[in-house]
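Which chain is which? The protein sequence lines are A and B, in order. For the first sequence, my numbering assigns the number 1 to the initial residue and increments by one for each residue that follows. For the second sequence, my numbering assigns the number 1 to the initial residue and increments by one for each residue that follows.
Calculated directly from the structure, the hints in this document are not laboratory data. A portion of the hints provided could be inaccurate.
[As the list claims (entries may be wrong)] Computed list of lysine-lysine pairs in BS3-like fashion (alpha-carbon distance at most 30 Å, straight line):
no. : chain 1 : residue 1 : chain 2 : residue 2
1   : B       : 157       : B       : 7
2   : B       : 19        : B       : 7
3   : B       : 196       : B       : 19
4   : B       : 196       : B       : 63
5   : A       : 27        : B       : 157
6   : B       : 432       : A       : 27
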Amino acid sequence: MPDKDKPVEEQGLLVVAAPPHLFHRVKTSRIMLDVLIALLPATLAGLNLFGPRVLAVIVASLLAAVAAEAATQKLLGRPVRVLDFSAAVTGLLVALNLPPTAPLWLAVVGSAFAVVVVKQLFGGLGNNFLNPALAARAFLMAAWPAQMTTWSAPGDWAVQAMTGATPLAILQRPELLRRLPSYAELFWGWIPGTIGETCVAALLLGALYLLWRRVIDWRIPVTYVGTVALLTWVLGPRGLFTGDPVAHVLAGGLVLGAFFMATDYVSSPVTPLGRVWFGVGCGLLTAMIRLYGGYPEGVSFSILIMNIVAPLIDRYTVPTRFGGRRA
Amino acid sequence: MALALRKALAGGIHPPERKHLTAAQAIIRPPAPESVVIPLWQHTGAPGEPLVARGDHVKLGQKIGQAAAFVSAPVHASVSGTVVAVEPRLDALGRMVTAVVIESDGLDTPAPEVVPRSQPDSLSADEIRNIVHQAGIVGLGGAAFPTRVKLAPPADKPIDTYILNGCECEPYLTGDHRVMLERGADCILGLGLLMKAAGVTRGYLAVENNKPDAVEALLPAAREAGIAVAVLPTRYPQGSEKHLIKSLLGREVPSGGLPMDVGVLVSNVGTAVAVADAVYHGLPLLQRVVTVTGRPVRQPANLLLRLGTSFAAAIALAGGLGEPAGRVVMGGPMTGTAQFSLDVPVVKGTSGILVLGRDESLAPVSTPCIRCGRCAESCPMRLLPLYFDAYVQAGNYSRTGELGVLDCIECGSCAWGCPARRPLVHSIRVAKGEARKRS
Chain A
1 MPDKDKPVEE
11 QGLLVVAAPP
21 HLFHRVKTSR
31 IMLDVLIALL
41 PATLAGLNLF
51 GPRVLAVIVA
61 SLLAAVAAEA
71 ATQKLLGRPV
81 RVLDFSAAVT
91 GLLVALNLPP
101 TAPLWLAVVG
111 SAFAVVVVKQ
121 LFGGLGNNFL
131 NPALAARAFL
141 MAAWPAQMTT
151 WSAPGDWAVQ
161 AMTGATPLAI
171 LQRPELLRRL
181 PSYAELFWGW
191 IPGTIGETCV
201 AALLLGALYL
211 LWRRVIDWRI
221 PVTYVGTVAL
231 LTWVLGPRGL
241 FTGDPVAHVL
251 AGGLVLGAFF
261 MATDYVSSPV
271 TPLGRVWFGV
281 GCGLLTAMIR
291 LYGGYPEGVS
301 FSILIMNIVA
311 PLIDRYTVPT
321 RFGGRRA
Chain B
1 MALALRKALA
11 GGIHPPERKH
21 LTAAQAIIRP
31 PAPESVVIPL
41 WQHTGAPGEP
51 LVARGDHVKL
61 GQKIGQAAAF
71 VSAPVHASVS
81 GTVVAVEPRL
91 DALGRMVTAV
101 VIESDGLDTP
111 APEVVPRSQP
121 DSLSADEIRN
131 IVHQAGIVGL
141 GGAAFPTRVK
151 LAPPADKPID
161 TYILNGCECE
171 PYLTGDHRVM
181 LERGADCILG
191 LGLLMKAAGV
201 TRGYLAVENN
211 KPDAVEALLP
221 AAREAGIAVA
231 VLPTRYPQGS
241 EKHLIKSLLG
251 REVPSGGLPM
261 DVGVLVSNVG
271 TAVAVADAVY
281 HGLPLLQRVV
291 TVTGRPVRQP
301 ANLLLRLGTS
311 FAAAIALAGG
321 LGEPAGRVVM
331 GGPMTGTAQF
341 SLDVPVVKGT
351 SGILVLGRDE
361 SLAPVSTPCI
371 RCGRCAESCP
381 MRLLPLYFDA
391 YVQAGNYSRT
401 GELGVLDCIE
411 CGSCAWGCPA
421 RRPLVHSIRV
431 AKGEARKRS
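When you get a sec, could you build the whole thing from the sequences and use the hints?
What follows is the structure, encoded as C-alpha cells:
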C-alpha cells in the first residue's frame, strides 16, 4: 500500500507521466552557459584593448545582475533560479555595452535595471518583451549620456578618457572620412567603442561557437548584417552605390547586436520566416538611424523596436502546417 | 525494383537509439502462461462482445469475442483451458475493459478452425478481407486500427500504393527488426496478400538505414515479388505514416485526413506476417512479438508472447529486474504509456514493455519557456508547440485550435528537446480534449 509519508522512490511505486519518457540532455542553464562561453573571447579582447580597469566594470555588472535577480525572486516569492545563468548573461552583456570609462555605479545601476525592471517585473525569465541588456543600455544613454559616450583609446591604458569621434561618428560626417580607421583596425578592435563591441574577430569566434552548438539560428544575424550592408552600400554619401558597407558592418555594435542581442530567444520571433523579417527589420532601422538619424549608432534602438514587434511577427508568420493551409 | 534511398522527413529528432540491448536477440517463444487476461477491447473502434461465459472450455484460437461494429475486431483465446471470469479488468491504457480470463490447461489444444488453408493463392480479395477480419488482425505498430476496415476504402478514394512500414523509429524497440530478419519472406507474402485485398499493384517496404541486415534479408523475396525496398535515413518519427508517405511519394496527407486520401495504405511489418499466418495457416492473432527491455531488465529480449500475458509475467520471462523499476512503459519511450500497475495484459498493440531505472524516471522539473524555438524546429507537422503550452496555461483553447493542435501526431519530438522541460505533449492532449469538446 502507498505510504504518503515516504518519498515515492522508497515505496516501490511507479512514476506515471505523459510521454515522452526520454529527454535530450540540453537544459536552459546549458544554453545560457554556452552564451557566456561565446562571450568570453569578446570579454578578453575588451580587457586586452582597454586595460585591467574594465575587469572591475565587468565583475560589478555581473555581480549586480545575479544579486538583483536573486533578491527580486526572493522578494516576489518566486523560486530563486540564478543558477540558470540567465542573469549572468544579462550582466555580462550590460558590461560589454558600456564604455571602458564607465564608473562602477553605472554598471551596477544598468544591470539592476535590466534584471529587476525589464525582466523580473514583467514576469521573469521568458516573459521580458525587451532584451534586458539593451533596454538597460537605452535607459543609461537617456539618463547619463555623458558617461555613456566617454570613450578611451584602445591600447593606451594610461589614457583614461577621450571624447574623440568613434568610427560611426566619422562615417556620418564625410568631411572626416580620411580619419576613418583601416578595416584591419576595425576588425581587430583597435578603435574607441564599448568594452565588448569593437573586436569583431573575437565576436565572430563566439558567434561561430553559438552556431556550431546550435544555440542560435543563422537567420536573424545573417539577414540583419546583410540588410545593413546592402543599405549602407546603396545609400552612399555621394549617391547610389557609393557607401562603405564593410566599415558599417565592422564598426559600432552591429556584430555584437546581431549575433548576441537580436538572437535573444525571449524577445525575438520563433518562426523561421519571422526570424528573417525580424533581421531585415533590425537592419532597416539600424541603417536608417546611422545614415539619417541624430545618433551615430542605431543597433540598440533598432533591436528594441523590433522586440516590441516580435509577437506580431510570430502571429503573421505561422508556418503552413503539414497537409494544411496557412493558420 | 529493388532498392531506393529516400529523403528523411523534415524536422524530427535523433534520440539515442538504445536498440543494442535487444537488436541481436532472436525472437524467443516462451511457454504459454498459466492464465491469460484477454480484453475484448484491444483495438481502435467499438469494444467487442463476449462469446463465452465463466466455466466454458475454450480451445486455442477459438473466437471468444466478436466485433460489435464495422470498426471493431474479434478476439481469440490465446491458450486452451477454462474461462474463470468475464469481468472488467484494468488495461494498459488505464481503462477498465471487459476481459475474458482463461486458466490454461497446458495442452494448447487447437480449435477445429485453426487449420492450414489448402489453396491460399486462389483466394479473392473479398475472401482475404474476410479472413483478415475473422482472424482479429489490427495494426500491430501500436495504434491497433482494424486492418479489414483499412482494406475497404470508400469507392471515391482509389488506392494506388501499399507501404509496409518497417521503420521502427521508436528507441529501444526491435520487434519489427527481428520479424524482418527472421520472417522476411512472410513479410513480403503478407504484403502481397494485403495488396491483393486492397486491389493495389505498387508496393513498398520501408526500412530505416540503421537496419542494413534487415534490408539484406528482405531483398531477395522483395525482388521476386516486385516490391521496392526503400531505405530511409534514421530519423524520428520517420515511421509516422504521414511522414513515410511524404518521404516515399512526396504526397502530404491533408490536415484531418487519412493516408487513403492520397491513395495510400500503410501497414506495419508485423501486421503483414499476421496476415500471412492467418491466410496460410488459419491462425488468428493470438500472439505477438514484444520487446521487453530497459536497463533494469536482466535479460532484455524479443518475446513472442500470447495475448493476455501480464506485464509482470512478461518481465519475469526476460529474467526479471536487476534493479528497482522507476517507470514501466507500454510501447516505446517517445509515445508509450506509463503504467501504474504490472497487472495489465499484453494486447495486440503492445510493441514493447520498457522498464526505466529510478534515476531515469523521475518527472523532470519544468522551468519557464524561453522561446528558443527548438520545439517548432523539430515538429514534423510544422506546428508551434510552445504556443499550445502557453495558450493552455492561459486557458485560451480556441487559439490552440486555430494553430492546428488537432494536427499534432503526439510524436513527442518537441518535448524531448525542450530545454525548459515543458510538458508539451501533456498540454497538447489537454488542448485536443477541449478542441474536440467544442467541435
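Hints, one by one, checked against the model:
1. 157(B) / 7(B): At roughly 26 Å apart (the allowed maximum being 30 Å), residue 7(B) and residue 157(B) satisfy the hint.
2. 19(B) / 7(B): holds, 23 Å
3. 196(B) / 19(B): Not OK: residue 196(B) and residue 19(B) at ~34 Å, beyond 30 Å, violated.
4. 196(B) / 63(B): Distance of about 26 Å is within 30 Å: holds.
5. 27(A) / 157(B): violated, 46 Å
6. 432(B) / 27(A): holds, 27 Å
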